[in-house]
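Work out the full structure: start from the sequences and follow the hints.
Protein chains: 2
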Amino acid sequence: MQGSIRIAVDAMGGDHAPQEIVKGAVDAVNTRGDIHVLLIGKEDAVKQELAKYTYSAKQITVIHAQEVIETAEPPVMAIRKKKQSSIVVGMNMVKQQEADAFVSAGSSGAILVGGQVIVGRIKGIERPPLAPLIPTKNGVSLLIDCGANVDARPSHLLQFARMGSIYMEHVVGISHPRVAIVNIGAEEEKGNALVKETFPLLKECKDIHFTGSIEAREIPSGAADVIVCEAFTGNVILKLYEGLSSTLLSVVKKGLLSSLRSKIGALLIKPALKKTMKSFDASAYGGAPLLGLNGLVVKTHGSAKAAEVKNSIIQCVTFKEQDINGKIKNNIINSAEGEK
Amino acid sequence: MQGSIRIAVDAMGGDHAPQEIVKGAVDAVNTRGDIHVLLIGKEDAVKQELAKYTYSAKQITVIHAQEVIETAEPPVMAIRKKKQSSIVVGMNMVKQQEADAFVSAGSSGAILVGGQVIVGRIKGIERPPLAPLIPTKNGVSLLIDCGANVDARPSHLLQFARMGSIYMEHVVGISHPRVAIVNIGAEEEKGNALVKETFPLLKECKDIHFTGSIEAREIPSGAADVIVCEAFTGNVILKLYEGLSSTLLSVVKKGLLSSLRSKIGALLIKPALKKTMKSFDASAYGGAPLLGLNGLVVKTHGSAKAAEVKNSIIQCVTFKEQDINGKIKNNIINSAEGEK
Numbered sequence: 001m002q003g004s005i006r007i008a009v010d011a012m013g014g015d016h017a018p019q020e021i022v023k024g025a026v027d028a029v030n031t032r033g034d035i036h037v038l039l040i041g042k043e044d045a046v047k048q049e050l051a052k053y054t055y056s057a058k059q060i061t062v063i064h065a066q067e068v069i070e071t072a073e074p075p076v077m078a079i080r081k082k083k084q085s086s087i088v089v090g091m092n093m094v095k096q097q098e099a100d101a102f103v104s105a106g107s108s109g110a111i112l113v114g115g116q117v118i119v120g121r122i123k124g125i126e127r128p129p130l131a132p133l134i135p136t137k138n139g140v141s142l143l144i145d146c147g148a149n150v151d152a153r154p155s156h157l158l159q160f161a162r163m164g165s166i167y168m169e170h171v172v173g174i175s176h177p178r179v180a181i182v183n184i185g186a187e188e189e190k191g192n193a194l195v196k197e198t199f200p201l202l203k204e205c206k207d208i209h210f211t212g213s214i215e216a217r218e219i220p221s222g223a224a225d226v227i228v229c230e231a232f233t234g235n236v237i238l239k240l241y242e243g244l245s246s247t248l249l250s251v252v253k254k255g256l257l258s259s260l261r262s263k264i265g266a267l268l269i270k271p272a273l274k275k276t277m278k279s280f281d282a283s284a285y286g287g288a289p290l291l292g293l294n295g296l297v298v299k300t301h302g303s304a305k306a307a308e309v310k311n312s313i314i315q316c317v318t319f320k321e322q323d324i325n326g327k328i329k330n331n332i333i334n335s336a337e338g339e340k
Numbered sequence: 001m002q003g004s005i006r007i008a009v010d011a012m013g014g015d016h017a018p019q020e021i022v023k024g025a026v027d028a029v030n031t032r033g034d035i036h037v038l039l040i041g042k043e044d045a046v047k048q049e050l051a052k053y054t055y056s057a058k059q060i061t062v063i064h065a066q067e068v069i070e071t072a073e074p075p076v077m078a079i080r081k082k083k084q085s086s087i088v089v090g091m092n093m094v095k096q097q098e099a100d101a102f103v104s105a106g107s108s109g110a111i112l113v114g115g116q117v118i119v120g121r122i123k124g125i126e127r128p129p130l131a132p133l134i135p136t137k138n139g140v141s142l143l144i145d146c147g148a149n150v151d152a153r154p155s156h157l158l159q160f161a162r163m164g165s166i167y168m169e170h171v172v173g174i175s176h177p178r179v180a181i182v183n184i185g186a187e188e189e190k191g192n193a194l195v196k197e198t199f200p201l202l203k204e205c206k207d208i209h210f211t212g213s214i215e216a217r218e219i220p221s222g223a224a225d226v227i228v229c230e231a232f233t234g235n236v237i238l239k240l241y242e243g244l245s246s247t248l249l250s251v252v253k254k255g256l257l258s259s260l261r262s263k264i265g266a267l268l269i270k271p272a273l274k275k276t277m278k279s280f281d282a283s284a285y286g287g288a289p290l291l292g293l294n295g296l297v298v299k300t301h302g303s304a305k306a307a308e309v310k311n312s313i314i315q316c317v318t319f320k321e322q323d324i325n326g327k328i329k330n331n332i333i334n335s336a337e338g339e340k
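If you read the sequences in order, they're chains A and B. The first sequence: position 35 = 35 (our numbering), numbered continuously. The second sequence: position 20 = 20 (our numbering), numbered continuously.
Calculated directly from the structure, the hints in this document are not laboratory data. Heads up, some of the hints might be wrong.
Taking lysine to aspartate or glutamate pairs in the DMTMM-like style, the calculated list, with each CA pair at most 20 Å apart, reads [as the list claims (entries may be wrong)]:
1) K137(B) with E242(A)
2) K253(B) with D281(A)
3) K190(A) with E43(B)
4) K82(B) with E43(B)
5) K196(A) with E126(B)
6) K81(B) with E67(B)
7) K254(B) with E218(A)
8) K254(B) with D281(A)
9) K329(A) with E169(A)
10) K137(A) with E242(B)
11) K95(B) with E126(B)
12) K196(B) with E73(A)
13) K196(A) with E242(B)
14) K190(A) with E73(B)
15) K190(A) with D151(B)
16) K190(B) with D151(A)
17) K278(B) with D323(B)
18) K254(A) with D281(B)
19) K190(B) with E70(A)
20) K253(A) with E73(B)
21) K190(B) with E218(A)
22) K196(B) with D151(A)
23) K254(A) with E70(B)
24) K253(B) with E218(A)
25) K253(A) with D151(B)
Not the full set, but computed from the structure, chain B residues with beta-carbon under 8 Å of chain A [stated by the list, open to error]:
26) M77
27) S213
28) R217
29) Y241
30) E242
31) R261
32) A266
33) I269
Built from N, CA and C at the ideal position, the CB exists for glycine as well.
Quick look at the structure:
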């Protein structure tokens with residue numbers, strides 16, 4: 001299709017593949033006419049799912065891939081050996097510019113390794129961070145990095161801040177996004193060695209709107225738009241966000257069934273509660289882009305259902321339309337020149 | 001008082017001092033006859049508060065301390081210069097064995113520094129961790145370390161695991177507490193450098209019941225009793241716990257006021273919800289002990305009100321009765337002999 005955005009989708013990745021992935025792809029093309037989805041996976045299985053739906057046939061192409069990388073497989077080995085896996089095939093399509101983006105709910109490790117090894121980094125980018133949007137009281141914040149680069153260096157975190165700002169400004173539409181670094185106190189002298197070394201770099205960086213340290217307590221209230229941290233910390237934040245939200249909700253639900261009075265109350269509040277909790281549901285915001293690559297790679301939750309897959313696909317459109325990678329490239333060139 | 005446990009309490013520390021601290025102390029002595037509280041602070045202010053309550057006069061003694069260490073003061077300097085501050089006076093009483101424990105809601109930094117410099121470490125303990133209890137779906141878990149030692153080494157984390165196990169077994173009453181290390185995946189080969197180096201040490205340690213890695217997602221469901229981590233990570237977990245719980249609750253409340261139907265429902269569920277949320281309220285479990293010192297130092301939240309102060313004081317009784325420090329000393333001696 002002329003002019004449309006080509007998004008490769010891993011039909012075999014995630015807990016609900018291929019059913020929910022295929023449904024998400026169909027929902028995406030039925031929402032927007034300018035998307036062309038390349039569904040990668042075992043042809044028979046994918047076509048069998050596709051047969052359940054109505055959609056414009058020219059918007060979806062099935063690309064056969066014989067192999068599947070399992071979540072438990074060591075990522076480096078899997079990427080090297082399984083050349084016919086949906087992840088490797090999808091990454092290669094991005095590399096060859098046969099696709100503008102690749103979306104997968106499969107093995108995080110394989111996606112991170114494949115992104116770096118197959119798609120490759122933008123020249124000048126030291127490490128590509130994984131950057132999901134997380135829900136806050138009033139909207140969303142970008143958590144960058146949340147799993148790609150443990151034991152990162154200060155210069156990596158500075159690049160995360162730059163790329164995160166570009167993403168929040170041009171994909172999410174927040175002008176002059178507030179950038180903060182995760183710390184264990186508000187004062188500049190607090191923190192571990194990494195934060196103490198990174199803080200002055202962020203403070204001096206003219207391309208971003210750096211507001212200082214953010215304590216984890218302030219993250220849910222939306223105190224910053226771009227939350228910069230090392231991957232181990234980011235992963236802890238993301239996972240605790242998910243775990244605590246679901247535990248609190250189940251504790252509340254259990255409490256509501258403790259008396260007849262509260263049971264009746266629970267019935268009355270159900271619609272309002274459901275709506276509220278939806279605004280705090282990470283899956284509503286699509287997947288996490290792996291920023292700084294020569295192309296777009298998006299990782300969605302392993303537990304992703306159709307709605308998240310659809311949102312992840314649509315998210316790629318804005319990324320492409322806004323030429324985020326072009327903006328990242330310019331930013332890196334400018335920052336390198338600034339250092340001369 | 002013969003045979004009673006002497007607990008020094010910082011009457012000047014925290015957002016609600018001296019009012020709530022004094023009230024908490026009175027509530028504690030009115031709950032248990034075997035406690036003697038030494039209330040440290042500006043005599044006039046403390047006595048003025050005490051005059052509001054009825055209690056056994058021989059259970060509370062006011063110790064005058066002219067100075068107060070403010071939260072914003074650099075801790076090392078404050079401990080060195082303000083010899084007449086409530087924190088330094090209280091720590092010295094523990095050191096001189098004039099008090100069995102010291103409880104403060106004051107400056108975390110000053111308490112951590114004072115604990116090490118004034119009270120001093122048990123011989124063989126490399127770094128004393130701050131170890132709060134955090135609420136989970138079915139009870140509580142000990143988060144160790146959550147703020148004392150950033151950039152810790154593997155040997156420190158091993159000692160945290162040992163001390164945490166002793167605390168959970170003998171103070172909280174959980175036999176063979178499950179010990180896990182915070183990680184970003186369940187597999188042994190995952191993690192940052194610190195976790196990878198610490199994992200085999202924990203695995204080989206015969207004094208603890210090590211169950212492997214714990215992802216932050218599983219913490220709220222109570223998947224481990226002793227959660228071992230480096231202080232930066234622990235602090236992020238603790239603060240996010242507090243921030244996310246309060247944000248989610250306010251989001252839910254706001255949602256419940258969105259329609260007449262849900263407003264009526266909200267009235268009906270209020271008692272059940274309140275009771276449920278109380279079980280998830282960190283303050284119900286008292287303060288966080290700084291483990292591994294020659295005496296007991298307990299840090300309560302800066303925002304602590306009377307109930308938390310009271311619980312923190314009572315917590316000291318079990319600590320003393322169970323001779324936790326004696327058990328830690330034996331454990332350290334045994335582990336040192338095991339290495340020979």
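So which hints don't hold here, by number, going up? Violated hints: 3, 5, 13, 17, 20, 21, 23, 25, 26, 27; rest satisfied.
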